[in-house]
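Undergrad: Chain residues, written in single-letter form:
Protein chains: 2
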Amino acid sequence: MTAPIGVFDSGIGGLSVLRELLRLMPDESYIYLGDSARVPYGTKSAETVRLFAGQCAQFLLDQGVQLIVVACNTASAVALETIRAAVDVPVIGMIEPAARAALQSTRSGQIGVIGTRGTVSSGAYPAVIQALNGHAPAPAVHSFACPLFVPLVEEGWIDHPATRLVAQDYLDHLFAHGAAAGSPDIDTLVLGCTHYPLLKPLLHELLPSVHLIDCGEHAAHVARDILCHSAPPSSNAAPNVRFYLTDIPPAFVSIAERFLGFSVGGVERADIDHLVLVDKMMG
Amino acid sequence: MTAPIGVFDSGIGGLSVLRELLRLMPDESYIYLGDSARVPYGTKSAETVRLFAGQCAQFLLDQGVQLIVVACNTASAVALETIRAAVDVPVIGMIEPAARAALQSTRSGQIGVIGTRGTVSSGAYPAVIQALNGHAPAPAVHSFACPLFVPLVEEGWIDHPATRLVAQDYLDHLFAHGAAAGSPDIDTLVLGCTHYPLLKPLLHELLPSVHLIDCGEHAAHVARDILCHSAPPSSNAAPNVRFYLTDIPPAFVSIAERFLGFSVGGVERADIDHLVLVDKMMG
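Chains as they are written, first to last, in my numbering: chain A, 1 to 283; chain B, 284 to 566.
It should be emphasised that the hints constitute simulated quantities derived from the structure, not laboratory data. Cβ coordinates follow ideal geometry from the N, Cα and C atoms, glycine included. There's no promise every hint is true.
Said to hold, decoys possible - To spell it out: a stretch of chain B is covered by chain A in this simulated footprint if at least three of its residues, at any positions, have a beta carbon under 8 Å from a beta carbon of chain A; those stretches are:
1) 315 to 324
2) 435 to 444
3) 523 to 537
Input sequences plus hints: build the corresponding full structure.
TA: Set out below in structure tokens:
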């Protein structure tokens, strides 16, 4: 029996990443940790997010995971290198796989990125996209924070008229930013927050000619490559997932099923705020 | 020099309460604590909110406050009695002053309450309203959770068309709930969340004949009565407030000014998650 894959997020958004992992590798076992007592990370300072993300990673290490997926864009943006430097298992974040996919997708050289304030203000996507691009002509990256998308998704208002107005307002700002530079249109949009894949149908409708990049989907492919899964997944495996939350909010089960598409059984409470990521991080 | 008044909230919403306190008692000194590292409380379990609120109260006690205002409806709903039992200074919550004002205001006997999921599902407002009402004919209390109002206010979309749609949707549900009982109309609406006073102009416009109850305003009157302030406030005092946050998010200063109407100077970081509210709470 192989060790489980550990997945953590600030709350429930990472379940959209877990869903992609299960789609590609349904025979693996998983431990999902949501830091719901301290959600959201997207509005918090980088220092605080690094502390919290380190505690999440340590909790998963204590469970003996073989690989950690940081299924939270904010934590990936500010804490990934800290975690990588401190642990001995592979650590996959959300930014690099999505940045690589965006580079492969764009023809106009204009890439849009939407996410939380924390992810956008970190500048992580433009930095990683430019670094991966190397010496090729540099794409332009236009970022915009969409803080209302998370609560709208959690409210279940996936196609409410208000959600449509909010999306139109945000996208108008994003595209105006691109147009002001007198450049061609954005043709690729990174959904830089794990809640946003639930808005794909609406975003597809508002932006029919733009390629939407789902970070969870691309991160799952990287995980599969690292674990050398070559066999096609068996189709009839029941998901083997243990769910831990730092707080168990009343609405968790119903929202989780919306993200995962299957019923979540038991959820355990994890007490993590005393943890310290292995000594190297403290140096 | 008298001891300061302590005010705490899960984040910045309590600033609308501080504003009312400053309006009534501008000569007092204040300590404001926002637990921004763990905001929001409204989606968390009662057990977790009690722990966090106890840590906030202990921090304020350690600063020598003479009175604690729990400027958060969720914490007031689930943690007030725990805190009162554990400390030796007066503790004022948001629920009772607003419930009393709603009882005095209603003519139709139909009271609406809007708040976070945590406040609404606690049932605290209906319980306190019925308890205060005693033997008079019982008013009907109709509650509805409006979780999108907080992020909309924090985004500054006080009068955005999307906010109007969201408000209309929520209020339609609330009033349909009242009407289904074949009863007269709701004539009094408790704004049971400290963010909601910023939406008063919009709510007034949508509900011109409904009396809106601002919990911070009524809590400030209770605080003034307890402290026996009878002198009219001097009008030219500069606010004497020390601000503490458990995390200092980048947008704090601009959002705080929107709530307070004056510029926030320095903000200090408070480290509170190791605190334990005095021993009595542990028994």
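Undergrad: Now look at each hint and say whether the structure bears it out.
TA: A quick look at each hint next to the structure:
1. With 4 residues having a beta carbon nearer than 8 Å to a beta carbon of chain A, the region 315 to 324 of chain B meets the requirement of three or more and the stated coverage holds.
2. Restraint check on the region 435 to 444 of chain B versus chain A: 6 residues with Cβ-Cβ distances below 8 Å, three needed, restraint holds.
3. Check on the region 523 to 537 of chain B: 5 of its residues sit with their Cβ under 8 Å from a Cβ of chain A, so the three-residue criterion for coverage holds.
Violation of the numbered hints given earlier is absent; every hint is satisfied by the structure.
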